[in-house]
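We have chain A already, so just place chain B on it with the hints.
These protein sequence lines map, in sequence, to chains A and B. First residue of the first sequence: 1, per the numbering used here; consecutive thereafter. First residue of the second sequence: 1, per the numbering used here; consecutive thereafter.
If you're looking for bench data, these hints aren't it; they were derived computationally from the structure. One or more of the hints may lead you astray.
If several chains are the same, the list does not tell them apart, and a pair holds so long as it fits within one copy or across any two.
[To be verified] For lysine-lysine, the following DSSO-like pairs were computed, each having C-alpha atoms within a straight-line distance of at most 30 Å:
1) Lys322 x Lys347
2) Lys519 x Lys544
3) Lys519 x Lys431
4) Lys78 x Lys263
5) Lys415 x Lys322
6) Lys347 x Lys224
7) Lys518 x Lys480
8) Lys518 x Lys544
9) Lys414 x Lys544
10) Lys549 x Lys224
11) Lys431 x Lys549
12) Lys431 x Lys544
13) Lys338 x Lys480
There are 2 protein chains.
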Amino acid sequence: MRKLMQHCNVSACIIPSSDPHLSEYVAAHWKRREWISGFEGSAGTVVVLQEQAGLWTDSRYFLQAEMQLTDSGILLFKEGLSGTPDYQTWLISNLPEGTVIGIDGTVFSTHDVEKMKKRFSSAGLVLKTDFIPFSESWVNLPPLPQNSVFIYNEKFAGSSCSEKINQIRQKITEAKADATLLTGLDEVAWAFNIRGTDVEYNPVTIAYAMITTDAACIFIDKKKLPSEVISYFNQYNIKVFPYTSVCNFLSELPAGYRILIDKQKVNFALFDAIPTYVSIVERNSPISMLKAIKNEVEIAGTKNAVLKDGVALTHAFYWLEKELEAGRRVTELSFAEKLSVCRTQQKDFFSESFPTITGYAAKGAIVHCITTPENDTEIRPGNLFLVDSGGNYLDGTTDITRTIVVGEATAQQKKDYTNVLKGHIALASAKFPEGTRGVQLDAFARQFLWNECLNYGHGTGHGIGHFLSVHEGPQNIRIKDNGVELQPNMLLSNEPGLYRTGEYGIRLENMVLVKEYKKTSFGCFFEFETLSLFPFDTALIDEKLLSGKEREWVNNYHQMVYDKLSPFLPEEERSWLMGKISLDFTNYF
Amino acid sequence: MRKLMQHCNVSACIIPSSDPHLSEYVAAHWKRREWISGFEGSAGTVVVLQEQAGLWTDSRYFLQAEMQLTDSGILLFKEGLSGTPDYQTWLISNLPEGTVIGIDGTVFSTHDVEKMKKRFSSAGLVLKTDFIPFSESWVNLPPLPQNSVFIYNEKFAGSSCSEKINQIRQKITEAKADATLLTGLDEVAWAFNIRGTDVEYNPVTIAYAMITTDAACIFIDKKKLPSEVISYFNQYNIKVFPYTSVCNFLSELPAGYRILIDKQKVNFALFDAIPTYVSIVERNSPISMLKAIKNEVEIAGTKNAVLKDGVALTHAFYWLEKELEAGRRVTELSFAEKLSVCRTQQKDFFSESFPTITGYAAKGAIVHCITTPENDTEIRPGNLFLVDSGGNYLDGTTDITRTIVVGEATAQQKKDYTNVLKGHIALASAKFPEGTRGVQLDAFARQFLWNECLNYGHGTGHGIGHFLSVHEGPQNIRIKDNGVELQPNMLLSNEPGLYRTGEYGIRLENMVLVKEYKKTSFGCFFEFETLSLFPFDTALIDEKLLSGKEREWVNNYHQMVYDKLSPFLPEEERSWLMGKISLDFTNYF
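Excised from the complex, chain A in its bound form:
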C-alpha cells in the first residue's frame, strides 16, 4: 500500500471502519481497517504515512487495541484522553505543506469530508478523495455479500411499506424537496419492510434507495431478490436498479431538482456525483427520526422480545450457577454458547444482535472485548463476570448487560457496583420536560461515580432498532450534544459502567422507552419505562449506599422481573429467581 501511495504521490492515507453506507457493522468486503491493522474493534481509524502509522480508537477498545496492535508497528492513539491529538491534528503536525492526503470518498460522510477539506486546506494540505488504497494490495478481498432478501411481515413492522413511503413523502414535501436518498442499510430495510443477512448481526441487505414525491427506487443486486420480493416491489411500485448504478442515477438528476440530503449519512462520493445544478436541501435524515419513534406494534413486539430474552438469560445464569456448584468448568465462551442456545430456543429468534461480550475479571474491563478460543478464560469464584448480549427476534431487537460476582464480592466491588447501579436508577427514574436532549441527562448516570473520582469512557445510552441495528440514531444519551430531543416512543439503552484495568469491569444495561409522564402548566414531562427483564446481582449491592427511593426502585423492578418471567420458567428456575430478587438475599453464588 505504501508503494501505491508513493506511486500516486499520496503522503498519507486515512482508513476508517465504515462502508459506503456508513454502517457500524460492515461486511467483510469493507473491513479494510481491520485487514490493514489486525485490530478487530468496531470503531477505529488507521492513518498510514510512509514512515509511521497510527490507530485512533475510543476507551472501549484501548486494551483490545493494545493487544492486537502488538508488533504491528502501528501506534495506538487513545481518543478522549487529554493530550491525545485527533488524527487530523496529528496529520497537520506531521506533514509538510503541499502534501497530499488520500481517502476513499465512498467510506466517509459528506459532512466529514467537507470539514476535513476545510481544515486540511487551511493548513496547506491537499485532500484527494478518490484514493482507493486496496485495489492492488488486498489479494483475497472478500466479495460483496449476495444473500437473499426477505419481506418483513407487517404484523411485526406495524406499518406497511406504503404507509412508510407516504410518511417519507410528507417529510420531503415539508422540506420543499423533490426526493430524498436513503443510504443507511437500516433505513432502506425499514422503509420497504425488507430484511436480509448481508451483514453479521444486522438483518439488513446492501442497497440504496431513493424516494421521490411520486416514485420509489431501490438500488440492489437483482440476484438477491426472490420472486416474492420482486412481486412485492411491483405491488408497491418500487423500481429496481442495479446496486452500482446509484452514482450514475444521481449524476443524471435534472436541473432545478431539489434533493433532501443528510450530509452525515450520505457518503462523499455519492454527494459528489450530484450535479451542481441540482439543489441540495440539507436536513437530518427524516427516515432516522421516523424509524426511531416506534409504533404500538413495535413496542408490544419489543416487550415480548425482552421477555423472551429474560427467560433465556435466566436459563443461562441458572445453568452457570449449577455447573459451578457441581464443580464443572465453565469458560467465557462456553457460557456465551449456552446463552446463545437459550436465545435460539425462543420463539421468532433470528440471530444475536451483536457479538456477545463475556468478560470475566480483568477481561470485563476491556469494554467491548470479543472472547476468542485463544483468550477464553475460566469463570471461577473470586471476581466479577460481565455479560453484554442481545437478540434479533422477529418482534424486536434486544440489548442487555448484567455483571455478577462469582464467589464472594470485595467491599470495593460492592461499592463500585452500587455506584453504577445508583446511576442506572437515577437515569431510569428521571422525569424531564419535553425538549430535553440526551446530553442533559447523561450526568445523572455518572454522578455517583464522579463523586468518587471515577468515570466511564463510553456513552450512557444509544437508540435501538426494531429487528434492525442494535445501535441506531438519532437520539442518544451521551456527553456530546447532537441536538436531538427525546420523544415519546423512542427506545434507548441505559448503560452506565465502570472499568478497573487489570481488575474487573461493571456495566448495567437495560432498555428504556420514553413515555409521556404528565402535562402541567409547566409543560409536558416525560419519563422512561424500563423494559429489560433480569435481576441485578443483589450480592453486589451495598444496601447502606442506597437511599430509600433507590431501594424501592430495585424492589419494584425485581418484583416486575419475577412477575413477568416466572410463568415461563420451570419450577426450579422460578424459585431460583425468587431467591435472586430479594435485597436481603446477599449470597448470589
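Chain B in isolation, oriented as in the chain A frame:
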C-alpha cells in the same frame, strides 16, 4: 418609522436590544428596542411590519412584557414555549417572496447576520444590512456617553496591561494571525486595565481596540481621556484613534493581513468593512477566555467582595425584620434603597452591578421585573420576597439572590423552596471530570423540580466579570450547549428558581468558583467552591425533604456564613444571624 420603511422599500425591520459592541446593558443612545416598544427588559427583539409588529422575549420577561406592551399594538411572542415561532420563521411565513428585510448591521453579530442571510435567501427574502430605522423618527436621541475613563489599579486587577497584551499576543501567534479586534466593552476594559461609567451598572467605557503582534490601539473619544490616562496609554505604547475611525482603520488593512475574529462578538458592519484580501482567522475570542479564568488576586478580591456583600445583606434583612416587627411600612423599593445604602457603606463600593430585583409575592414570579414607583408593593406577612442584587466593588463584582418568607410559609411554598434548594445543593456539591461543559451539569439543579413536573425558564449559571459585567462568557450552565469546558478559576452563578405566575417566585443564587478537586487514574476532577455569604431561609426548608448529606451541606454552609460574617457585624445582628443559621430554627419572621 413605517414611512421610512415604505420610502426605502423595506417591508420588515428587526430591532434587537444590543449596541455595536453587542452588550447586554446598553447606553441610552442605543436603547432602540425599548424606545420603539416601551418594553424595558434586558433581552428582546422587536420586528416591525407595515400592518403588524411583534416582540420576542424569554420567560424571564413574559409577565413584564405583557404589562408593558399593553395597548402598544405589538404582539408578544414567548420564546422557548413550544408553538412559538422564532422571529425569522415568523417573518418567512408572513412576507411574500422577494421582499426586503432591513436591519442595522452595526447591532447584529456577524455570525447572526450570516445565518440570517442564508436562511432568508433560501426563503426568497432579501436582507438589507444598512437600514438605520431611527435616523429621522427618534427626535430626542440621547447622545453617546462622554464620561471619563479611569485606570483600574493593578492591585485589584492582579495583572498589568502589558502582561495581558502579551497573553493576547500569544493567542494571536498561536492562531497564526497578525492581529485581533476587541469589540466587547468588557474586553477592552479588561485588556487595558481601564474602566469607565458610560454604561449603567457596567464600569466600562465605549471603545474598540485592536492588538497586533507589535502594536496596541484603542478607538475611543479622546475627550474621555484625562491626562493620567493619556500618559498611561503612552507608557504602554497604546495608540489612541477616534472611536468612529474603527471601520476606516479596518478597511485599510493591507493585503495578506490575517485578523483573528470572533464572529459572535464582531458586529456585521465592522466585519463588512474588512477588505476581502485580508484573511479572516475565525476563533472564539481569546480575550473572553483569558478574562474568564480569574487570577489569584481577582479571586482573593472576589472573596472580599462577597464578604462585604454578605455584611450589607445582613444589615438590610435585619433592618427589614425589625421594621416589620415595629409595624412600619416597607415596600420593595424602600428595601432596595436600604440595601443599596448598606452596600454603598462598604469599602471600595463603586456601583450596583445590575438593577436590584425585589419581587414580593406575584411580582417575584416576574423573573427580572424592575420595580418602579408605580408598581411598588408593600412587603407584608403571608408571602415570599425575592431579592436579586449585586455590587461592583473595586475588588470584585457580586451577584446573589435570596428568597425569604414574610410571616408563615405554606406547605407548598416550603416544598417548592426546598426543591429549588436541593437543586442548588446538587450543583454546588457536584464533582465532575475535566472537560465537562455546563450543559452536562444543568439538570443537577433542575432534577427535583422536574420530579414534580416543575421547571424554570432561565439558565442555571452564568459567568461573572471582575469589577466588570455581572454576566460574562464564555462559560455557563445552561440547557443549550455552547461547547465551553469548565476550567479551574472560572467564576459562575448557581441560581435555580421556580416561578408560580400570580403567586410567588423563588430563586436561590450563589457565586461559585471552579476548583481542582482530585487527580486520579480516571483523570482530573473538578468541584465548585461556593463563595457568596448569606443564609438560606430555614423557615422555608422542609427538613423532611432533605437527605442527610443535603442537611449537612446546609449546616456547613451556614456555619461558614456565620464564621465569616460575624466579625463584621454589630452584636445584635450577630445574634440575629446565629438564629438564622440553625436548621432547627423554623420561625424566620
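Here's how the hints hold up against the structure:
For the homomeric pair Lys322 and Lys347, the shortest alpha-carbon distance inside one copy (25 Å) is at most 30 Å, but the shortest distance between copies (77 Å) is not. In the homo-oligomer, the alpha carbons of Lys519 and Lys544 lie at most 30 Å apart only across protomers (27 Å), although the nearest pairing inside one protomer, at 35 Å, exceeds that limit. With identical chains, the CA atoms of Lys519 and Lys431 are at most 30 Å apart within one copy only, with a shortest distance of 12 Å there and 33 Å across copies. Taking the shortest alpha-carbon separations for Lys78 and Lys263, only the intra-copy value of 27 Å comes in at or below 30 Å, while the best inter-copy value is 33 Å.
Taking identical chains as interchangeable, the C-alpha atoms of Lys415 and Lys322 lie at most 30 Å apart only when both belong to the same chain, with a minimum of 27 Å there against 51 Å between chains. Within a single copy, Lys347 and Lys224 get their C-alpha atoms as close as 26 Å, which meets the 30 Å cut-off; across copies the closest is 84 Å, which misses it. Taking CA atoms no more than 30 Å apart as the test, Lys518 paired with Lys480 passes in both settings, with 28 Å inside one copy and 23 Å between copies. Only between protomers do Lys518 and Lys544 lie at most 30 Å apart by alpha-carbon distance; the minimum there is 25 Å, versus 32 Å within a single protomer.
In this assembly of identical chains, the alpha carbons of Lys414 and Lys544 lie at most 30 Å apart whether taken from the same copy (11 Å) or from different copies (29 Å). In this homomeric assembly, Lys549 and Lys224 never come within 30 Å of each other (Cα to Cα): the closest approach is 54 Å inside a single copy and 63 Å across copies. Taking identical chains as interchangeable, the C-alpha atoms of Lys431 and Lys549 lie at most 30 Å apart whether they share a chain (14 Å) or sit on different chains (22 Å). For the identical chains of this complex, Lys431 and Lys544 are neighbours both inside a copy (25 Å) and across copies (21 Å), given an alpha-carbon limit of 30 Å.
In this assembly of identical chains, Lys338 and Lys480 lie within 30 Å of each other by CA distance neither inside one copy nor across copies; the values are 37 Å within and 47 Å between.
The structure fails hints 10, 13 (numbered hints given earlier, in ascending order).
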